[in-house]
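Q: Let chain B serve as the given structure and place chain Y on it in line with the hints.
So the protein sequences, as listed, match chains B and Y. Just so we're aligned: the first sequence equals residues -1 to 268 in the working numbering. Just so we're aligned: the second sequence equals residues 178 to 276 in the working numbering.
Worth flagging that the hints you see were computed from the coordinates, not collected in a lab. All values reported here derive from a predicted model rather than from experimental measurement. Watch out, some of these pointers could steer you wrong.
[Claimed, not checked] Here are the computed lysine to aspartate or glutamate pairs in the EDC-like style, where the Cα-Cα straight-line distance is at most 20 Å: (1) Y:Lys197 x B:Glu46; (2) Y:Lys197 x B:Asp48; (3) Y:Lys197 x B:Glu109; (4) Y:Lys210 x B:Glu109; (5) Y:Lys197 x B:Glu214; (6) B:Lys42 x Y:Glu206; (7) Y:Lys197 x B:Glu165.
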Amino acid sequence: MNCSGKRSSTHKKGDKKMNRVINVGYGEHTPERTPFLNATASAKLRTEIDEQLDQQVVEWYANVSEAAHLEGKNVDSEYYKRNLIETAWRIRMLRVAEAKALVEIAKVSPEAAQVWANYEQEEMLHDELFIADLEKVGVSREQFLATEPYLSTKLLSGYFSYLLDHEGPLGVVAYSYLVEYVNVKLEPRKLEALKGSVGESNIGGQINHSHTDVNEDHPGEVWEAVRHLLRSEDDIAAFKRYLREHQTILGQYFEELHRDTIAKAEKQSA
Amino acid sequence: MTQYTLTILPTGTKVVLPAKSRLTEIEFEILQKPIPFGCRSGSCGVCVIEVLEGSDSLGQPDDNELDFLEDLGRPGGDHRLACQCRLYGNAKVRPAADT
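Pulled out of the complex, with its shape left as it was, chain B reads as follows (with noise of 0.2 Å):
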């Protein structure tokens, strides 16, 4: 505080005077480009996320409702198509707020920013594609957009906006982690079951999504820009937090989506 009572407003790191100018990448709080991580401390960081998400996998088999439904050999129908509604609309709906997450990456880490908005370019209009497999199997495109989302679907969207308003993009960028690493690893047993209980003429949508997933290392390339966001051991206990919190809410959806479908058959015809 100075003699007029004042507290200094010049905009300083240590010694450096700086212009006003914030938000661009590197500056008040990082005025360097190196990442909190080392190349070598993101690889093992990488590998404890991922056994922490082999452990998530193992505890959403075990209690999330039929969870390895689509697995199975008889896929309920109703199960099937609303999923596949459910996930086009869940692309159309967070294709939005990952946009807005693009914002804010940019304003802390153009490195992460650019492997960011590659990473949205290959899946931004992927809706279509769950929308095609949808036509597959008699559901229109009319019928698609007169659905009205479930509630955890909207509930997922609604946190990322939370995500952005009030702890930042890593929260986000944590839940796309979460769904190429599981996808990677579990979406070919799903699609291989599906070929046979579906017809693999019907599954090709999701087949050519699957694809892009793995053909591009989405998982890596997601890790890239995690990477680069993580500034502190409280961002990656954060970054733990976010992948079992995105787990919480999808889990949540399985059940509405259980409920909505199997158990009210199930309910009656008894």
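A: Frame of chain B, contents of chain Y only:
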């Protein structure tokens, strides 16, 4: 964890990176900038390198990269866009601007 060494001439700077790391990582590992990077997306041509040893250690260039290298007058197997390479083994390179 498997790690490999990238040696960058003419200074002989050595950078050790985890397997499959992008070469852009060297910017964050050392203070010097032995390879200049621009767009980091294979479209500006700033980061062309001559591969002196270990061309198989940098992965295979895709068609876009090969076409661009030809446009840049660097056809053939000795040159790469560093931003498009990952490290799959030890390699020795030199920025094309230094050749």
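Q: If you draw a straight line from the CA of lysine 197 (chain Y) to the CA of glutamate 214 (chain B), is it 20 Å or shorter?
A: holds (14 Å)
Q: When you check the alpha-carbon spacing of lysine 210 (chain Y) and glutamate 109 (chain B), does it fall within 20 Å?
A: holds (16 Å)
Q: When you check the alpha-carbon spacing of lysine 197 (chain Y) and aspartate 48 (chain B), does it fall within 20 Å?
A: holds (17 Å)
Q: Compare the distance between the alpha carbons of lysine 197 (chain Y) and glutamate 46 (chain B) with 20 Å, and conclude whether the hinted pair is satisfied.
A: holds (18 Å)
Q: Checking one constraint from the list: CA of lysine 197 (chain Y) to CA of glutamate 165 (chain B), max 20 Å. Satisfied?
A: The given pair, whose Cα atoms are some 31 Å apart, is violated under the 20 Å limit.
Q: Hint check: lysine 197 (chain Y) vs glutamate 109 (chain B), CA-CA at most 20 Å. Holds or violated?
A: Judged against 20 Å, a Cα distance of about 18 Å means the pair holds.
Q: Within 20 Å, alpha carbon to alpha carbon, are lysine 42 (chain B) and glutamate 206 (chain Y)?
A: Status holds; Cα separation ~16 Å.
Checked against the numbered hints above, the structure violates only hint 7.
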